[in-house]
Amino acid sequence: MFEQLVEKLPVGIGIVDENFLVIYLNDFFRDRLPREYRNSYKDTPVTDIFSHQAKFLERRLKSVFVLQHPSFSYWEQRPHIFPFKSSRPITGEETQMYQNMEILPVKDKSTGRKYACIFLQDVTAQASYFRTQQKLSAALKEEHEAQRKLIHKLDTAQSQLIQAEKMASTGQLAAGIAHEINNPIGFINSNLDTLSQYANNLISICDGVENHVTDFNDEVKEQIKNLFEAQHYDLIKDDIEELLEESKAGLNRVKDIVDNLKQFSLDSTKGSQIVELNDVASQTIKLVSTQYASHHYKVESADEKIEIMANPGMIKQALMNILLNAAQAIPDKGYVKLSLLKNSENITIKVLDSGEGIEHKNMKRVFEPFFTTRPEGQGQGLGLSTAYTIIKKHKGKISINSKVGKGTVVTIELPITSKDNSATAPQ
Amino acid sequence: MSVVIPLDEEQRDALQELLNIAMGQAANSLAQLIETKIDISIPKITSVTPAQLYSLLFGSQDTFHTRQSFLGDIQGEVISVLSRSGLSEIAKLMDYSDPLSKEDVEEIILELSNILAGACLAGLSSQLELTTNLNMPTLFTPNKENFDELKWQHSLVMEVQFTVAVSSFSMRVVFCLDDDSLTRMKDTLDELLD
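Going down the list, the protein sequences come from chains A and B.
Going left to right, the first sequence walks through residues 4 to 430 as the numbering used here numbers them.
Going left to right, the second sequence walks through residues 2 to 195 as the numbering used here numbers them.
Simulated from the structure, these hints should not be mistaken for lab results.
Among the hints, erroneous ones may be present.
[What the hints assert, rightly or not] Computed, partial: chain A to chain B, Cβ under 10 Å:
(1) Arg62
(2) Val69
(3) His72
(4) Pro82
Keep in mind the model is a prediction, meaning the values are calculated, not measured.
Quick reminder that beta carbons are idealized off the backbone N, C-alpha and C, glycines included.
Between the sequences and the hints, there should be enough to build the whole structure, so can you do that?
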């Protein structure tokens, strides 16, 4: 009965002697034997029948006989020791059987002879499942990575869109406001001029009266004097000019703001022409350096001529704004460096300063219109946003790097368009 | 570490002597198989906490690890620590040809662990007249957290190091016993001492 059981067991069982000659094979092995050995497997070396992995089998059998200790082999490392077909020849994806093997030392108690018993397990199903899982997990990992990259891209695109949208809507708003404010500014300005003239006239009249006060009799003299005193004429005379001047200055500031707003919302690149950036750079630096004379300024350029199709006024404005920011960021003395670089596709302008730097929390907002960290009245917060709009209009890129206490670098990249090439050619 | 050793001095000396014999047999087996000389260290017997076991096993870098459980009169696990260096020379002795694939390396370390752990356990069991069966070895890549969560407090650890004379290869075999098996072994040792 036991023999029958062993015959039918769903694992391979084989017994070999110390010379590796086959003593016994159960059905599992016999059903899968090469045809020529079906009837003659007994007393044939197992390494002859399964010559495919003869070296390995020999080594393992030797180890079992020498050490009298079981030996194991797994499908992960050695999937096909015996060249058997898959257990699913019709529907299975695997064509060869995956196997786990164990070799046990056994001893015949009556004769004392040593044998090795080979157990073979068909693990094709597990192996197949495991491999599918592994493939799946690899695919999943890959997909995950791709998604992560995509999300990052989307994030960047979204923040760029938001920024562009913000700039566009602020630009429109700014243009509207500028237009609306311009009208009242016009008449206030001319009224103020007239008013100041009138005031001068009135003062001359009063002064005339005051100068000729001796010509009147005492009673009238007294009355005039009282009148002047009661109305605080001296004070008015001193104050009126100051008030008018202050109002004019205030109005000029409003005008400046409106002009900047208009600049900020410039909506066309018309007026494009060839601009030589080396010239623009040194002109702008000169302007800034007269205003902030304590700093050290430097212009560096890789080429003698760097030409680009652009609106010269706008480019100057953008550079001016950035350079002013750089100069203003330096508390006492420091340096501002402007460098120009050109390759086949781009022109890179870098403005570097040794100023206070920008705090991390403000970095995201530096291009935002009206965002400023300066005290009220000292900055409108339009400089960088105007520069941003100008560079975007020229299809360029602008970015900022900053370290608090070290300084800031503004990098502008402007594309050299094909228009530029054709335009520079005739020169 | 010696404070918590659950064996008295006599038991410990006896076990040490038995281990010496068992490990000698194991080294001989391996030497016979790969036809080269093998040196063994004096076996160390200590009691460790999970954290200590972790640093004992995984303190050195560039090593492979395998584990095997054994059942029978005494139960526990054998963890083998194999050096990466010198492995290719051993592979040659074991009839593997260069270059070694990842699968070859895995097969070699599993086989080496199986041979040495098997021989050590067989030797120890026969000295103590106990029966044990070693299960198949598997690759082991543990992490520290898992060791911190282990339920046991102390474990008796027997450790021996094998070095192969002709190469830089070395291998440590660490036996860990569970509590019941420890009691069982102590009783057996007492019987032998009487």
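- Message: For a quick check of understanding: which of the numbered hints are violated here, in increasing order?
- Response: No hint contradicted; all consistent.
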